[in-house]
Amino acid sequence: MIPQRHEIRQAGVENAVLAIENLSITYGKGSEAVHAVRGVTLSIAPGEAYGLIGESGSGKSTVAFSCMGHVAGGEIETGSIKLKGENLLRLSPAGWQSVRGNRVAMVYQDPMNALNPAFKLGAQVAEALIRHRNMTRKDALARAVELFRQVRLPDPENLAQRYPHQISGGQQQRVVIAMAIACEAELLIMDEPTTGLDITTEAHILDLIADLRKRLGMAILFISHNLRVVAQVCDRVGVLYAGQMVEEGPASEVLRRARHPYTMGLNNSLLPIDGAVKRLNPIPGSLPDLRNVPGGCIFAARCAYATPQCKDAVPAIQVVGSRHVSRCIFNEILPLAERAAETRKRFGPEESVPPQLSVVDLDFSYARPSLALPFLNRKEQSKALDRVTLAIRPGETLGIVGESGSGKSTLARCIAGLRAPTGGSVRMEGQRLEPLAGQRSRDARKRVQIVFQNPDSALNPMRTVGEIVSRPIGLYGNASGPEVAKRTAELLEMVNLSERYLTRFPRELSGGEKQRVNIARALAADPDIIICDEPTSALDISVQAAVLNTLIDLRAKRGVAYIFITHDLGVVRYIADRVAVMYSGSVLETGPVREVFANPGHAYTEMLLSAMPRGERHARHAPEEIVSRARPVQGQGCPFADRCLRYLGQECDAVTPPLRLGRNGHMVSCHIPLRT
Amino acid sequence: MTTVATNATDRPLARVSRTARAMLRPAELYLLFLVLLIVAGPWVAPFSAYDFNASASLLGPSWVHPFGTDEFGRDILSRVLVGARPTLLPAFAAATLGIAAGTVTGLVCGLFGGRVDELIMRSMDILLSFPALILAMLIVTMMGSSIVNLVLAMSLIFWPRSARLIRSAALEIGKREFIEACRARGESLGFILFREMLPNLRSVVIIDLALRSSYAILLSASLAYLGMGAQTPTPAWGLMVKEGQQFIQFAPWLTVFPCLVVAVIATGTVLIGESVRQRFAISTRLAR
Amino acid sequence: MPLWLLITRRIAVMVISLFFVALLTFLIVNVLPGDVATAILGDTATPDQVAALRGSLGLDQPVLLRFMKWFFDLLQGDFGTSLTFNRPVGPMIAGRLLNSATLALICMIVVIPVSILFGAIAAVKQGSLLDRAITGLTTFLFGMPEYVLALGAMLIFAIWLQWLPGAAMINPGESLFLHLDTLVLPVLVISLGGATYIIQMTRASMIDVLASPYVRTALLKGIPRWQVILKHALPNAMLPTLVEIGLSFGALLGGLVIIETIFNFAGIGQLMVMAVQSRDVPVLQACVLVIAAAYSLGSLLADIASMLLNPKLRN
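Chains as they are written, first to last, in the UniProt record's numbering: chain Z, 1 to 676; chain Y, 1 to 288; chain E, 1 to 315.
I should point out that these hints are in silico values taken from the structure, not numbers from a laboratory. Fair warning: this is a prediction, and the values are worked out from it, not measured in the lab.
Cut-off 27 Å, straight-line C-alpha distance, at most; resulting in silico cross-link-like pairs (BS3-like, lysine-lysine):
1. Z/LYS383 - E/LYS312
2. Z/LYS383 - Y/LYS175
3. Z/LYS486 - Z/LYS446
4. E/LYS312 - Z/LYS120
5. E/LYS125 - Z/LYS29
6. Z/LYS120 - Z/LYS138
7. Z/LYS557 - Z/LYS446
8. E/LYS231 - Z/LYS138
9. Z/LYS82 - Z/LYS214
10. E/LYS125 - E/LYS231
11. Z/LYS138 - E/LYS312
12. Y/LYS175 - Z/LYS446
13. Z/LYS486 - Z/LYS557
14. E/LYS231 - Z/LYS120
15. Y/LYS175 - E/LYS312
16. E/LYS231 - E/LYS312
17. Z/LYS278 - Z/LYS557
Label-pair distances were calculated between CB atoms; the ranges are:
18. E/ARG225 - Z/GLU157: 27 to 35 Å
19. Z/PRO335 - Y/LEU189: 51 to 59 Å
20. Y/ALA40 - E/TRP160: 30 to 38 Å
21. Y/VAL35 - Z/GLU32: 35 to 43 Å
22. E/LEU3 - Z/GLU146: 28 to 36 Å
23. Z/ASP553 - Y/VAL35: 57 to 65 Å
Every residue, glycine too, gets a C-beta built ideally from N, C-alpha and C.
Turn these sequences into a full structure, and let the hints steer you where they fit.
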């Protein structure tokens, strides 16, 4: 019944562009050695795009860099990496130099740091051409400009003379891509090429990659933690867990009919595309210690379907479908992924319910007048918030969504009293609150709490979980010692942490656990409203799902309202009742989530929605790119005018757009009337 | 990429206290040696450091006088042993005083930021526009050569340098979200400064103390050599070098042995400070 | 902000800070406990003598008035009159300043390229025997007071080996280049002291740069390692190092005081020590100001150089 190894091999391995066989990589020595990659085998056919997915710590980047001969601090213990049949691991340093950038090229995560800050962009691209194609400097620079045009960079001639810091993140990634395709490499490795980019930028980069594939037909190894992005770009995907390949198959198969419990868990952690409010089903537990890997199936400890049999031996690879393999011995009896029932109906308080907290005409601008030499200091003012008006009703979840620089975090800080707005006010039940938390009444501070984005820096490393969580109880309540201890334990239980955590320090917790402590601390004040500032953006998707579940449970139990700030539209659609879309310090559109997502009124919202990854090949077409129109006057008219697809003309540049009202409190700030 | 790699770069300041204890072991031993030298030096000295002995003038190193004798017949070894106090004590006192002032200044700057920070740091910059030795010389000359004035002058040297280091660490911690959480809760200033921030700065202060002490010994020895601070006949090491220098042609031991002792002690302290610093990867520039 | 504005700003900052340096110098001399008259006469002077001297120095006038007078004289190049030589301080300083500046310049010219080279090599070969030798030696030298190095060098090269003169008997104003051999030991000692710092700084910033993603990018472009080091890493590592060189100039100037005294070199540092010993307050004050100004100028030049090299400030 169990198929032999040779049967599993896909047809065409012989002429594969890249064939990795039984690759094992270890960091460190002796008992501290971390077995980061263990026996990974994969092959990529000519013209094929292969996606490698896994959460942090899965070893996916290590695999990628080993194909470039760059395993810093690690050691390749066994295996081979063959490029068109030639074993790269046998290459001399000089041999590697002729492969790198020439036959195998790479696109990196974090393009800002991948480019040399002291070099002009054209020269950085030309360098590889001079080296590998024996071009003269002049020809290479001309070719670089040509490549910039190919990756659709605006004004390529001019851009070649600029430095990395002078262009945007998306443009930097295009330069890195231009660098990678310069020598028409046989294999392109992309290591999380869109992670950290804004969603619209990501959509454009993915479009560009698809386009280049069509034109140049190179093979691609695409590394990502985002299943939907991978499914959109790749033909086949492999799923890495703790350094081991657990499943491999056609992208759509793996995403829809996963045959390994880990992949199923990942899929169940994904936020539903259709906007259904069904409960997520995350993977319990955490990654095993890679210094001391348990025998048997590596996932058994976290697997809902595991039996003692699973711990006997490392499961062999099983064929589960056409070109689809899994490392689970029970793959045949695994149920198809299905979600639990709906968690709750969308909460839509009546329009007549008065808001609990409102923000009226809030302005915030950064101005830094310097003490020394005011005469030589140009006052650089920038508006982070521009007349923001929002309201949140009791028990409601208001999602605030926007890309980087939209001012959403500044808004959170103004509401929490951490920044003093330069204009406008924050009101609690109609009463104006003092700008800074220190000036507000104890009651007002107690009622609004905040959960921060970065779980690491939000907890004092020198304090125990117990101290952290109990502090607000002591500060706001009049509880006695034993009562405080009891409340603290209750709070931890509420966020699914056991009492054992009371004496632990933050460094002993995982990212998800830290975020739970953060939530518990906010709850400890017994607030009416919790501001969540990107609480899940630093977490892996399975951890994100668990934290979202906790937040939803708390909402049901405590009736607390959330102001949920995020860049991820999927999260907003999943958790929020109403949404506000921010761009460049202004709210462009607000309304009930269903309404806004079904019938977006603003061109920007539409752009964001169409940029959301859907997990299907060719499903997404990034909206047409607008090479920013010059704005006649900064700070006037519609903030989105220079990128708008529905740009009307001078009106948009000069006149502040009116507020258009739709159904159920749907509001859009645009010159074009709402369609109803 | 791997869990281990991320842990290593994770929250460096959080991990400091635990590693600090392990790291400080050689430093503690060395410190013990210095304390012994300071406390017991005069007891173990075989001869008087002050009494003249005309019959033993300018004797070369021998079993009786391992480091030789000076022009007044005083035993150099004894003088070196007795001289540990007037050399090292002002150095440690100045380092401690300067760092105490620097820590308070740095904390205040780091927490308040803005104009307070700018005003204080600009004033510190003015103190920093003098080369250390020059400013110390000027102050000691004008206030009069005494140990107390020497200590004051040296701590004035260390104050701005220490303030800059602590400030940058405090700024880094002040930016962390747990401090924002304190502000949002409406915690008092004292709580934020001393209960939340200071514990996180403890390790930085320890490192600062280690590095600053080594520089303090250098500075103290250099100033003594220039005749600042301790005066004849006190056997401060720098002063001994200065006085012995005129005999360098025919009685080099007068110079060589005090020089060697200064070099050994100062280098030892630098090594300890460096190893502590490297362990915590604090930029060398900030530390000086 | 445009580059020229940044540079103008930096120069303005220096000018303003020089004013405060002058003010602070003046305050230390005039306001700190222990007054000028006592400092000049020494602790053994009688109250009558002190009072008489205070009167002749004009110390009975208000501090602010005295500062204004002193400062405006300073602006016109008048540093006052030496108490021991009874001559204007300005010309006394000028010749010695030239000597010291020449010495410092020679040292910088020797030190900078050599230190950068050694620092870069140590970083590239991080962890190797060579790296450990270089870092070990620099740490060792760093812990040495200048006079220990100077006396050691004098003892070995001038007294025992008798290769070089142990003292530079140059008259102020006489050309240094007639006595090149006398310069060797001072330059050697100062350079050893200065090099340690710059080597450590270069090594540290080079190690940071070598670990950066853009160096990885260059390597993975297939560029040979030595070329990556020279073209991609070194220029980026130089930016922070330049600022450090400016700062290390302060230590060098401090060291000059001791080295010049030991080698009897007629420079500003020696003059300062002489002024301290003879309690010649106007000369001391002038020396402190000139040295502080030189230090400010050094860090100004280093900062401007790093601004010019920084692509982030270019348009």
